[in-house]
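There are 2 protein chains.
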Amino acid sequence: MSQFFKQIDQVAEFDADKAAKADLFKGARLFVGTNCFEPGQSQKTHVHAGADKFYLIVSGRARMTVGTETEEVGAGTVVWAPADVPHGVAEALERTVMLVGIAPPPR
Amino acid sequence: MSQFFKQIDQVAEFDADKAAKADLFKGARLFVGTNCFEPGQSQKTHVHAGADKFYLIVSGRARMTVGTETEEVGAGTVVWAPADVPHGVAEALERTVMLVGIAPPPR
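Residue numbers (the working numbering), protein chains in the order written: chain A, 2 to 108; chain B, 2 to 108.
The reader is advised that the hints may include incorrect statements.
The list makes no distinction among identical chains, and a pair is therefore deemed to hold if it is satisfied within one copy or across any two copies.
[Claimed, not checked] Under the rule of at most 25 Å between Cα atoms (straight-line distance), these lysine-lysine pairs were calculated in the DSS-like manner:
| hint | residue 1 | residue 2 |
| --- | --- | --- |
| 1 | Lys22 | Lys7 |
| 2 | Lys45 | Lys7 |
| 3 | Lys19 | Lys45 |
| 4 | Lys45 | Lys22 |
Source of the hints: derived by calculation from the structure; they are not laboratory data.
Sequences and hints are given; from them, build the entire structure.
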């Protein structure tokens, strides 16, 4: 298996009970992985102290919140959650795959 | 315009003369933007000293190199270019849009 190349589809995992996470790559300064949601699943609003984060919606549709903004997002939306700003997924409206990056990486 | 939500399609830019870059978001610890290629365009092999980077191929097809690995990539491939490892785009085989993240951000 390649050290540097991965297919999102081969890593993304779904869990009927709750939103699921999978790792893609992790370095000293950056983590990338997937967040996957079945319809109706959510991710509680939370904060990463001192870490910048983005989501890219790869497929599906969801309602997301960052700070005081809430938007319905779909494939091709990039969502920016800067350090210390509360963010989360209010509800997935379809089966949804997101690429997520966090810098620095979670411990 | 939203402070936290952007559509890749509305930011991505192409240039007939060379590969084109556009910014999406930049924080103290993370930068995300786009790299866009017309067929035949490339990005010279280069290194980011002390910065981890990834590419996600959003659409199109290209031949990419990281370290000693070269692969043909398409939509859904995530390419990991850890700090100090040479990487580049040997050639875009189709019109190609990539999301790019770098941590810490370029100056």
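Cross-check of the supplied hints:
1. Lys22 / Lys7: both (16 Å within a copy, 23 Å between copies)
2. Lys45 / Lys7: between (28 Å within a copy, 22 Å between copies)
3. Lys19 / Lys45: Classified as within; 11 Å inside a copy, 43 Å across copies.
4. Lys45 / Lys22: Only inside one copy: lysine 45 and lysine 22 sit 14 Å apart there, 34 Å across copies, limit 25 Å.
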